[in-house]
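Trainee: Next come the chains, spelled out residue by residue.
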Amino acid sequence: MASDAARDDREALAGAEVRRAVIAVVAGWAVPGLGHVVLGRFRRGLIFAAIILICFSLGLLHDGRLSLRDREQPFLSTLQVVANAGVGIPDVLARWSVYDELAYALPRDAAYPEHEARSTILRHRARSSLSLYGTAYLWTAGLMNLLLLFDVWDLGLKRRD
Amino acid sequence: MRSHLLSLLVYATLVSAYFGILVRRKPVEQFRLASIIWAAMVGGAVILAFLMYPFPR
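Protein sequences, first through last, are from chains X and F. Its first residue numbered 1, the first sequence is counted upward by one per residue in the working numbering. Its first residue numbered 1, the second sequence is counted upward by one per residue in the working numbering.
It is worth saying that the hints were derived from the structure and are not from the lab. C-beta atoms are modelled at their ideal positions from N, C-alpha and C, and glycine is treated no differently. Just to be clear, a hint being listed does not mean it is correct.
What the hints assert, rightly or not - What follows is a set of in silico ranges between Cβ atoms, one per label pair, in the way DEER data are often shown:
1) Ser35/F - Arg127/X: 36 to 46 Å
2) Arg57/F - Lys158/X: 47 to 57 Å
3) Ala126/X - Phe55/F: 21 to 31 Å
4) Phe75/X - Leu5/F: 44 to 54 Å
5) Gln73/X - Val28/F: 15 to 25 Å
6) Pro54/F - Ala111/X: 41 to 51 Å
7) Phe50/F - Leu46/X: 33 to 43 Å
8) Ser128/X - Ala45/F: 18 to 28 Å
9) Leu6/F - Ala16/X: 41 to 51 Å
10) Val28/F - Leu46/X: 18 to 28 Å
11) Val26/X - Ile47/F: 24 to 34 Å
12) Lys26/F - Val26/X: 21 to 31 Å
Stated by the list, open to error - Below, in silico cross-link-like pairs of lysine to aspartate or glutamate (DMTMM-like), each with a Cα-Cα straight-line distance of 25 Å or less:
13) Lys26/F - Asp9/X
14) Lys158/X - Asp8/X
15) Lys26/F - Asp154/X
16) Lys158/X - Asp4/X
17) Lys158/X - Asp63/X
18) Lys158/X - Glu17/X
19) Lys158/X - Asp9/X
20) Lys158/X - Glu29/F
In isolation and in its complexed conformation, chain X is listed as follows (with noise of 0.2 Å):
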């Protein structure tokens, strides 16, 4: 009997910190650094915030592209929007200050205004000397992000300090 009541107790404590973990890698995924702040680690979050938004406003500065999936490229178009997306709202918010609407994919048909327009943006700040070092750095701050993601999983479980 009470063998029972404990093994309901550790169950109901390990799913609210599972609850707790899902919650804090939502964050995590969509303000960097948020994650470790919804579990308490306000000085790791905020280094991690600074790091990765550092890097991609220096992405922006720098024409970094903001990637649209290609149906020509199908693979790795799609892997370059994950790692732009995986920086959350501020990608979200650069691609709407960019394109003007929230753009990840060319229109399947190139006769759509959409793919002309789109295209114009991409190419556009594609021709500037510095966008490939905008891209690596935009690239970069998705990247870390969905790395750090894992980071707030394990801290979110208890499973590191």
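Let chain X serve as the given structure and place chain F on it in line with the hints.
Mentor: For chain F alone, kept in the frame of chain X given last:
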């Protein structure tokens, strides 16, 4: 930031700081790992640049 070297230094600093803090827990160990990664990135890029020097585009 039009200087390639400055871009390299800033990039290496951000990435090495990130991995140092992510992987290690104690500040001294974090600094040591970040320094090693930074030196490897900057040193590697400089060595690669010298190796490529005889083969311009």
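Trainee: Now look at each hint and say whether the structure bears it out.
Mentor: Comparing the hints with the structure gives:
no., hint, result
1, Ser35/F - Arg127/X: 36 to 46 Å, "holds (37 Å)"
2, Arg57/F - Lys158/X: 47 to 57 Å, "holds (54 Å)"
3, Ala126/X - Phe55/F: 21 to 31 Å, "holds (25 Å)"
4, Phe75/X - Leu5/F: 44 to 54 Å, "violated (34 Å)"
5, Gln73/X - Val28/F: 15 to 25 Å, "violated (45 Å)"
6, Pro54/F - Ala111/X: 41 to 51 Å, "holds (49 Å)"
7, Phe50/F - Leu46/X: 33 to 43 Å, "holds (39 Å)"
8, Ser128/X - Ala45/F: 18 to 28 Å, "holds (21 Å)"
9, Leu6/F - Ala16/X: 41 to 51 Å, "holds (48 Å)"
10, Val28/F - Leu46/X: 18 to 28 Å, "holds (20 Å)"
11, Val26/X - Ile47/F: 24 to 34 Å, "violated (42 Å)"
12, Lys26/F - Val26/X: 21 to 31 Å, "holds (30 Å)"
13, Lys26/F - Asp9/X, "violated (34 Å)"
14, Lys158/X - Asp8/X, "holds (19 Å)"
15, Lys26/F - Asp154/X, "holds (18 Å)"
16, Lys158/X - Asp4/X, "holds (24 Å)"
17, Lys158/X - Asp63/X, "violated (40 Å)"
18, Lys158/X - Glu17/X, "holds (8 Å)"
19, Lys158/X - Asp9/X, "holds (17 Å)"
20, Lys158/X - Glu29/F, "holds (21 Å)"
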